[in-house]
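The hints should help you fit chain B onto chain A, whose structure is shown.
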Amino acid sequence: MSTYVTELPVRDELDASHAEVMAEWSRAGTWWTGAQRLAMVVEVRRARDAEPLAPWESPSTVDGLILGDSPLPDAVVDVVWRLTNHPGTLTSEWHASILDRGVGALAYVEVVSVVAQVNCVDRFADALELDRVPVPDAEPGEPEGEAPSDAEVRLHWVPTTDTGGPNVWRALSGVPSELEARSRLSTPHYLEGRAVFGDVVSDRFSLQRVQMELIAARTSKLNECFY
Amino acid sequence: MLLGLSGLHHDGEVTLEAIAGSDKGDGGVRHGHLLVRLVEAMWDGEPGPLAAAREDLLAAAGADVLVDAVAVSANFHMMTRVADGTGTPLDPGTDEASGEIRDEIEVNDLVSRRHVPTA
Numbered sequence: 013m014s015t016y017v018t019e020l021p022v023r024d025e026l027d028a029s030h031a032e033v034m035a036e037w038s039r040a041g042t043w044w045t046g047a048q049r050l051a052m053v054v055e056v057r058r059a060r061d062a063e064p065l066a067p068w069e070s071p072s073t074v075d076g077l078i079l080g081d082s083p084l085p086d087a088v089v090d091v092v093w094r095l096t097n098h099p100g101t102l103t104s105e106w107h108a109s110i111l112d113r114g115v116g117a118l119a120y121v122e123v124v125s126v127v128a129q130v131n132c133v134d135r136f137a138d139a140l141e142l143d144r145v146p147v148p149d150a151e152p153g154e155p156e157g158e159a160p161s162d163a164e165v166r167l168h169w170v171p172t173t174d175t176g177g178p179n180v181w182r183a184l185s186g187v188p189s190e191l192e193a194r195s196r197l198s199t200p201h202y203l204e205g206r207a208v209f210g211d212v213v214s215d216r217f218s219l220q221r222v223q224m225e226l227i228a229a230r231t232s233k234l235n236e237c238f239y
Numbered sequence: 202m203l204l205g206l207s208g209l210h211h212d213g214e215v216t217l218e219a220i221a222g223s224d225k226g227d228g229g230v231r232h233g234h235l236l237v238r239l240v241e242a243m244w245d246g247e248p249g250p251l252a253a254a255r256e257d258l259l260a261a262a263g264a265d266v267l268v269d270a271v272a273v274s275a276n277f278h279m280m281t282r283v284a285d286g287t288g289t290p291l292d293p294g295t296d297e298a299s300g301e302i303r304d305e306i307e308v309n310d311l312v313s314r315r316h317v318p319t320a
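Chains as they are written, first to last, in my numbering: chain A, 13 to 239; chain B, 202 to 320.
Derived by calculation from the structure, the hints in this document are not laboratory data. On a predicted model such as this, the values are computed, not experimentally measured, just so you know. Just to be clear, a hint being listed does not mean it is correct.
Label-pair distances were calculated between CB atoms; the ranges are [claimed, not checked]: (1) B:E247 with A:S82: 27 to 35 Å; (2) B:A264 with A:G153: 34 to 42 Å; (3) A:E105 with B:G222: 42 to 50 Å.
Glycine included, C-beta positions come from ideal geometry on N, C-alpha and C.
Here chain A stands alone, though its shape is the one from the complex (with noise of 0.2 Å):
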């Protein structure tokens, strides 16, 4: 059963990555659970279908924004939002901030890596004017909470795993099952990770690479990204 009903010619596996990473997100992750995980969705599309805030505005600060049945910490629906809307505008001092205020900092990469992944799926279909994927009801389960051994502050703001690759491959690396779920989402949408830089001249899809280059750089100039 396909996840978009429509007419256009969404890949099959491209359908099908969509309702396979919001199960990923209905089951407990390394430290957050499945409802949990769940209300970063949900607070993800808050955050994009609300009027916008500034930057420095978070929903914490303002009456009424913070659902009262959320299974979050506010400073985690704080992260949601800001890196939804302003995700060019993030500083050190404010990831410190966030971690002032309680968030482990792997705990931390689990919500960029959820948030991030939503961020695809649901621009995605909202671009095509698709019904976003459903929210499912969370499955039970405690996350793990298991860090890796060798997990430490090397480059980023956040820990990382001495795995090999660009750096922005190995930013999710401290939760090895973000870094997989992410990989397994870009692949349908992009590259598979090793021929990002390994092969910069073979078409994919519809699409010659010089296109999807293209592609890439504006949406990444359009957030504000350096890297």
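Coordinates of chain B only, in the frame set by chain A:
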């Protein structure tokens, strides 16, 4: 950076102006203007311009290109959030090689500018 690299292997000259906006031409990329317009409409999220951008690309390039272009842009809404949410610095090789490109596409003043710390 990857646009420049892939452009080296592309028939015809690929330039970087289109990264600055859909009013800057197609950058030597087939349907470049329409692709950038679609990306900008996705960013803005206004239904009217988004529908128009979709329809124009659909008419010029077909439905497969439309879907795949949206998929690639969506991927980079994800990757930019991974990079900027985690404080990812440029890779050393890219940092050294991309100085002129960064000047040309005007990203050196971004808040998200992060270089690899040097010893």
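For the range 34 to 42 Å, tell me whether the beta carbons of A264 of chain B and G153 of chain A fit it or not. 40 Å, holds
Quick check: does the Cβ-Cβ distance between E105 of chain A and G222 of chain B fall within 42 to 50 Å? About 31 Å separates the Cβ atoms of E105 of chain A and G222 of chain B, which means 42 to 50 Å is violated.
So does E247 of chain B sit 27 to 35 Å from S82 of chain A, Cβ to Cβ? Hint holds: Cβ distance 29 Å, inside 27 to 35 Å.
The earlier numbered hint that this structure contradicts is number 3, and it is the only one.
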